[in-house]
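Novice: Here the protein sequences come in this chain order: A and B. Every letter in the first sequence is one number past the one before it in my numbering, and letter 402, counting from 1, is 402. One rule links them: number in my numbering = place in the second sequence (from 1) + 596.
Read the hints as simulated data drawn from the structure, not as lab findings. On a predicted model such as this, the values are computed, not experimentally measured, just so you know. Backbone N, C-alpha and C define an ideal beta-carbon position, used for all residues, glycine too. It is possible that part of the hints are untrue.
Restraint ranges, calculated between C-beta atoms of paired labels, are given here [as the list claims (entries may be wrong)]:
no.: 1; chain 1: A; residue 1: Thr394; chain 2: B; residue 2: Asp704; range: 51 to 57 Å
no.: 2; chain 1: A; residue 1: Arg67; chain 2: B; residue 2: Ser840; range: 46 to 52 Å
no.: 3; chain 1: A; residue 1: Met229; chain 2: B; residue 2: Ile921; range: 23 to 29 Å
no.: 4; chain 1: A; residue 1: Lys478; chain 2: B; residue 2: Val785; range: 45 to 51 Å
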Amino acid sequence: MSSKADTKGIDTRLLGRIVSYLMPYKGWVFLAFITVMTAAYLDPLVPKLVQVTIDREIVNRDMDGLRRMIGILFALLAAEGFLSFVNAYLTQWIGQQAIFDLRTKLYRHVQRQSLRFFDSRPIGQLITRVTSDVESLSQVLSAGVVTILGDFFKLIFIAWFMFVLDWRLALVTISVMPIMIYATFWFKRRVRDAYRDTRKQVARLNSFLQEHVMGMRIVQLFGREDEEMRRFTGINDDHQQAHIRTIFYFALFWPMVDLVASAALGLIIWYGGLSAMQGGVTIGVLIAFIQYARRFFEPIRNLSDQFNTLQSAMAGAERIFGLLDTDMSIPETDEPAEWPRVEGRIEFEGVWFSYDPDVDPTDDTAAWILKDVSFTVQPGHSLAIVGATGAGKTTIINLLLRFYDIQRGQIRVDGVDITHLPLSVLRHHVGLVLQDVFLFSGTVRDNVTLRNGDLDDETIRRAADAIGASTFIDRLSKGFDQDVRERGMTLSHGQRQLLSFLRALVHDPKILVLDEATSSVDTETEEVIQRALTTLMKGRTSIAIAHRLSTVQHADQILVMHRGQVRERGTHQQLIASDGLYRRLYELQYKEQEAA
Amino acid sequence: MHPLRRLNTYYWRYRRLFIPGLLCAVASAVFSIIVPMVVRQAIDSVPRFVATYRAFQGTQLESFVYADAFATLAVFGTIILLLSLGSGLFSFLMRQTIVVASRHIEFDLRNQLYGKLQALSHDFYLKHATGDLITRSTSDIEHVRRYIGPAIMYTTRALVVILTALSVMFWISPKLTWYTLIPMPFLAVSVFFVARMVHVRSDELQQQYSSLTSRVQEALSGIRVLKAYVREESEAVAFDAESSDYRARSLKLAMVEAAWRPVFVTLVGASTLIVVWVGGSLTMTGEITIGNIAEYIIYVALMTWPVAAVGFVITMIQRASASMIRLNEVFDAQPSIPFEPHTEYTPAIEGRITFRNACFRHADREEKALDDISFDVPAGSTLAIVGRTGSGKTTLVEMIPRLLDVQEGVVEIDGKDIREWPLETVRTAIGYVPQDVFLFSDTVAANIAFGQMEAAVAEVEEAAREADLLENIVDFREGFETMVGERGITLSGGQKQRTSIARALIRRPRILILDDALSAVDVNTERTILGHLRSHFGQRTVIIVSHRVSAVQDADQIIVLDEGRIIERGTHAELVERKGFYAALHHKQQLEQEVEAFH
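Isolated chain A, as found in the complex (with noise of 0.2 Å):
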């Protein structure tokens, strides 16, 4: 992807949508054009004035108006300085408040993508994506156009100083200028590349270390520090040698510089000294020359550079822009339905439903995941899931959150197609206890109301007393404020249970949904476990995906689930009588708790 944004140069579309970010900040933007405008006028004047001083105040012996032009020099060094650096902080500013804004819009847009999204991308890509592809436009965001508009007027600035001075000297300084220009742009190419190879070296470096510390104990183990030894030298070396060619290019082009402002030293002295001869220069206008040949190459190395900065930062842009184009989110209803009296009614009507988006609806034999799948849940009943590996139980949790769309069929609450729901108010009496308790770093506190500021210490405190993980949170040296990601600080697979199902109750939602773990626990857990379980059931809807002896015995409904399709549907004794694949699972599956 770099290497097609290297060689098609600049797209300005893509820049243009780059720019955009600057609008809202337009007023500030001119004010950096004004700014970079004003230090790139005085830069030039500078030395127009040094002239001016030398031809009249020094070559006629006036003291008095020696030291009027030098404050009047001293003033405009100050304001340059003054200016220059106003200019410098306001462009970052103004970069960085639109790198702020693209940044939290692709987050938030990201973030507001459905499952099916991160299904098919490695969270590591996005990751990038949020962060170091759009550190990469920060440069462009800042400095890029006001620094670059900024260059180039100084160029302008200088040559027109020289002219006015005296077009015929400025004609000859300029003339070395092609020579700079060319030998400017042939060496950003060439360290443009000895650079690529060396950031391969240096990644090849980075990851034999990283892997080879990782695996230190293997690479010991099998007796292989000399032949390891042997490639990392070899990489090593290949990295060393990279380095090495772009310090040539280094070492070639300083000198190269030097030598071409050298040659416009030389012609002026030349060129300049015999006008002055014939009076059509003075030794103010010599001086002043000087000095403006080493000033014009400053601005030309400047705008080599931001073309590289613009070029590279295309690549970053695409893939931003590319994600920002792509919108997998959960279609949000138009005209949300009323969802008038939250009771947990669940209805799954004839279900339908691929991970694969571009199914067939109408295709029967197509990769279903879950085919015509109904089943009723009454309020404060609780439905239980049981089934082998793969046979879908995870995908009804999922579609009953609206993680993903159903292609077939419709899924009501309260007689409400949850399609007609906002989201937010759905999964508000939807609560969610998975097996594998995601803990985010943070406090106990927090991991318990994900930061809803609504939740006070009383309600979270009651919560944890009816659950019983007061018990263990207070034995923690903080409680609720101890840091779940401190070093040595590990919670056992109860405790993580424990502050999931308390994240539940303090959210109090009306539909409870879990997804049971399967490890095992010691049976003290297990005991205060049930008894947390009871308490959160009390009052709500649930669908639990069973692992649990006791779940699916006091479940008021029991789903077997074989390949996608309900099997066999009834209460535990009810399934147990009719001697069917429940009672094989149940005799496999549970009964070895009963005897625990």
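For this one, chain A is given, so just place chain B on it according to the hints.
Specialist: Leaving out everything else, chain B in the frame of chain A:
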């Protein structure tokens, strides 16, 4: 001893580059210092030519005088060009020697560091995070390199330029020189402070960048929870706060970076103006010429960078010292289990393993990981170890290849204390399959042959067959040459585990250790692999750690560990009879197998 003293040996090693390099730095500086003198000569010659020209105007000599001026000025111009050529040539050579030498030293340092890392034992890696060690071998070495190369180069050049320029300037006019120099110390000091603040603030910015990244990482990893609890908005607000903090720190950095240009513009500009002011006054009294003013203006320009370099170099040295201290920590670390090569006098290992009252406690723990462990595994027999997570199984098997050493008691191989065997002899005799599979980003073949360098293709295939991996590999498009890891295909957990087993098997080891190495393969595959292993029974000592009864039931002896102690030992039949931990495990897994059979 100053941390950077360690580098002296390297300077000596590359003296053939450093000495000519420093001489080139001197030569380059001298050439560039002569340029302003030529400019002064040229400018001062102009009024003389004008006077002569006017005197001879209208006479026959007019054209002769003009030609003389033409030639003289052309010579001045050419001399300037030649001087610059000379200076450029030497500056080119200077970089090509000194900076290249710094890269050589970097290369040596990094090799030395990696070599040291390979020699250090397991306990060192428990104390140091991977990321930390990577930083040391990359950016810390880079900081040191900048001190070695650029810092020394700049210092030399700066010294020569400043000293030469100053002597010439003082010789011309001490008074003007003193005045011109006034802003210079300010320049050096400002550069030093700005550079240091830039470093401090970029480090702070970098920290916030990591924090921002981990925030995104976490939110996206837990996206299901966030969505289920409708926390998107509050998470987005939290992300805004991180972004905003990042912006604030960027701007703090921008504030100091914005100071660069004003510092240079005003201080260098001030020097130039002082030259014009004081120099102008001096020309009025005739103490100096106008040409001297031009000369001084160029001197000021020439001295700017060297003076600023003083400020840079000081920060470079500070950073390099800090980095070198971190590097020295690694260089000075001693391996707790030092490498000893295999010698021809060492007898071959038969494979008998004996633990006598072995105890071990991890550094940061109170309770013992292994407590009074004793057993004897005759050469060629099989020992199985079962027990809960955290019961000490892995710690126990890590004693055998000496990843760890016992603190009390003794571990013996063939009746001799393991610490009396050369480390290489012990490790060569062992094929180890660790619990966490670690493969390198290389081909499948290379990963298997990692266990046995110079293994023939047939041997790699045989090892893959024994690990029941051959069929999978044949299915890969590039077969054994398929890359695994980031740059290649992602192997499934079971495939990885089997590759790791093949890597151990290709060694044809006297002692094979399988630390829960079959957890990610299904029961059928496990049976196949165990069947292959069984064909070597009698010739190979096997230590097998597992959660599955099916994997351990044929072992000659089974020990059950709990909290670092052996709570049961015997054969499968004996242990089932005892109705203890092992029997319960056995019962449970029988049921599980039936469930799997059902589906």
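Novice: Determine for every hint whether it applies to the structure shown.
Specialist: Hint check results:
no.: 1; hint: Thr394/A <-> Asp704/B: 51 to 57 Å; verdict: holds (55 Å)
no.: 2; hint: Arg67/A <-> Ser840/B: 46 to 52 Å; verdict: holds (51 Å)
no.: 3; hint: Met229/A <-> Ile921/B: 23 to 29 Å; verdict: holds (25 Å)
no.: 4; hint: Lys478/A <-> Val785/B: 45 to 51 Å; verdict: holds (46 Å)
Consistency note: the structure conflicts with none of the earlier hints.
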